[in-house]
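Chains as they are written, first to last, in UniProt numbering: chain A, 1 to 505; chain B, 1 to 168.
Treat the hints as calculated values from the structure; they're not laboratory data.
We put the beta carbon where it would ideally sit given N, CA and C, even for glycine.
There could be a bad hint or two in this list.
To be verified - Computed far set for chain B versus chain A, every beta-carbon distance over 12 Å:
| hint | residue |
| --- | --- |
| 1 | R74 |
| 2 | A114 |
| 3 | P161 |
| 4 | A165 |
| 5 | L166 |
Unchecked claim - Covered stretches of chain A (chain B as the covering partner; in silico rule of three or more C-beta atoms under 8 Å from a C-beta of chain B):
| hint | segment |
| --- | --- |
| 6 | 188–202 |
| 7 | 210–221 |
| 8 | 337–350 |
| 9 | 444–458 |
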Amino acid sequence: MDALFSLIHGFGVLADPMNIVYMFVGIFLGVLIGVLPGLGGANGVAILLPLTFSMSPTSAIIMLSSIYWGALFGGAITSILFNIPGEPWSVATTFDGYPLAQQGRAGEALAAAFTGSFLGAFFSTLLLTFLAPLVAKFALQFGPPEFFAVYLLTFCAFVGMGKEPAYKVIAAMMLGFALAAVGLDTVTGQLRMTFGSTELLRGFDFLVAVIGLFGVGEILLTMEEGLAFKGRSARIDLRVVLKVWKDMPKYAWTALRGAIVGAWMGITPGGATPASFMSYGLAKRFSKNGHKFGTGEVEGVIAPETAAHSAGTAALLPMLTLGIPGSPTAAVLLGGLLIWGLQPGPLLFVEQKDFVWGLIASIYLGNIAGLIVVLSTVPLFAAILRIPFSIIAPIILVICAVGAYTVHNALLDIAVMLVFGVLGYLFKKLQYPLAPLVLALVLGDMAESSFRQAMLVSQGSLSVFWSNPLVGSIVTLALLMLVWPLLSAAMASLKRGTPRVASGE
Amino acid sequence: MADRPEDNQHTLSRQVLELFVAGLFILLSLVVMSDNWRIGARWASDGPEAGYFPFYIGLIMLVASTITFLVNLRRTPALAETFVERAPLMQVLWVFIPTAVFVAAISVAGIYVASTLFIAFFMVVLGRYPIWKAIPIAVLVPVVLFMMFEVWFLVPLPKGPLEAALGY
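Construct all of the structure, not just a fragment, from the sequences and the given hints.
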C-alpha cells in the first residue's frame, strides 16, 4: 500500500490554498476552452504554458492539468446543446445528446454526461495511482534500446490502430520527426537543415505547431462550415441531477465498459476520440436499448463520455512513467515538464515525489471540482456560445498569435503558426492525422538520442533490439503493429476467396 | 457574406489536392535527405553521424508519400469530388487573408494596434456589425491583453510606435 501513503502525501502538497485556487482557475478556463471552437485542450494548454513559467512546477502542472479536465468536461456542453462537438472526442456524444436536448431533456443529458465523465476519470485515476508506480519501477531497468523500443511501439501503434490511410499516418509522423531534427544537433553540435538561417537555428517548437494546427486550422474549418450557433437552452437544477444519479446504477455496465475501453485506449496512444466511438459502438451492441440509440438515450451519452474522460486521464500514465504521452494534450503537458526542468520518465517517481503525487492527488480533486463547476455554470457557458462567431473568431485568432509569440518572444513564430494553420486545415480535409505529427515533434529528439545511444552500445548493429527478451518482444510487437494494415488487408482478400499466398506470416 | 450567384461551383477536385500535398511531401523529403547527406548520414568512427537519423526519416517519408501519390493518380469517384465548394472556399479565404495581413501588421504596428484593427475589420466586414458596436470590443480586448501580459504577468508582447509614444 505504498501508493496509498504516497497519495496521502500528495494531498498534503495540495494543502497550499494557492494550489486550490489555481485548480479552480484552471477548470474554469478549461471549460471555456472546451466550449469555444478553435480552442481545445492541446492548444489551450500550449497558449497558457508560457504564463506558468514563473510558477513552481507543481502549481503549474496542477493548473494546466485542470485546464485539461475542464476542456474534457466542456466538450460535452456544445455537443448536447448545439449539436456541435467542441472537441473531437465529444462527436459521439452528439448522437444521443442532441436528440435529448431537442426533446427538452438537455439538463438530463448534461448531468448524465458530466457524471459519466467523472466516473471515467475516477476509474483511470485509480488505475494511475496504483499502476503508475509499478510501471515506473519496472521502467527503471530500461536502457536506451528499451526506450527506443517503446517509442517505436508508440509510433507503430498509430499506424496499426489509426483509421487514416497507413501511408498518410507514416508521412505525417515523419514530417514531425524531420521538423524536430531542425536546428542544433545536441550530440555533435552540428547544424541540421537550417540552410544558413539564424531563425531556423532555434528549430520548430511544437507549442507553436500545436497552436497553429489545432487552433488556426480549426477556425478555418469552422469557417468553411459556415457555422451559425443555434442552440437549445438548458438549466440544471438539483432535482434533475438527483434523478439522473438515481438512474445511474442501471447504466453501471455501460459506464464500466466505457471506462475500461478508455483506459486501454489512453495508455496505448489511441486517444480519447477513438475510445469514445468504440465505447458508443459497444454500448449500442450490448445494451437492451441498443436499437433506440441515436434517438435520445441517456445511455448513449454516458458511454462515449466515460470513455473519453477515462482515456484523457489514462494518457498521463505513460507520460509520467515512460515520458511518452498518450495524447496531444498530454504531449503539451510533457513539453511543460521539460521546460520546468523535469525529466519525465521513471526517475520522476523517485526524484520528484512531491510533484508526481501532488499531480495525482490534484486529479482526484480536480475532477470533483470540475463536476461541481460544470453542473453549476452550464447556463453561463451556453450564453458564451451565443456570442456570434464573427466576434469570437478574431479574438481567438488574436489569442493564438499572442500564444505563439510568447513561447520564444519571436515574431517569426506567429508566421510559422499561420503556416501550420493552413497545414492543419489541409491535413484534416485530406485525412492526414495530426496526433502522430505532434507526438513525433515532441519526442523526436528523445527518440533519436535513445536510438543513437543504442547504436553506440551495439557498434551499429541492429541486433541490439533483440538482445534480451524484453526489448525483443516490444520491438517485435511494434513491427507487427506496423504491418498490421497489410496483414489485415491480406486476410480480407483471402476471405473473399482470392487464393493468394500471404508471405511472411 | 451573402449568397453569390456563382455559389457551389466546381473549384478543385480532391485528387488535385491529394497529389499536391503528396507532392509537397516528396519535395520536402528530398530536401531533408539531401541536406542530411551533406552533413554526413553514414557511420563515423565515433558512432552515427549527425545526419544519420534524419536521413532515414526523410527516406521513409519519401517512400510513404510516393505511394500516396501513386495511389491517388488513379481517379476514383471519391477523388473526383470537389475538394471544397466555391462559397466555403471564399469564406475560408475571407478569414485567412485578413489573418495573414494581421500577422504581417504585428511586426509594424505592434500586436495591440494590429489586434484592434483586425477585430474591428472582422466584425464590420464579415459580421456586418455597425462600427459603433465593433469599436468597443476591438478596443477592449487588446486593453485586457495589455493589462494581463504587460502589467500582471510581466510578459512583453510586440509593441509599435503607438505604445512607444505612450511611454512603453
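message: Tell me the hint numbers this structure goes against, listed in increasing order.
response: 2, 8
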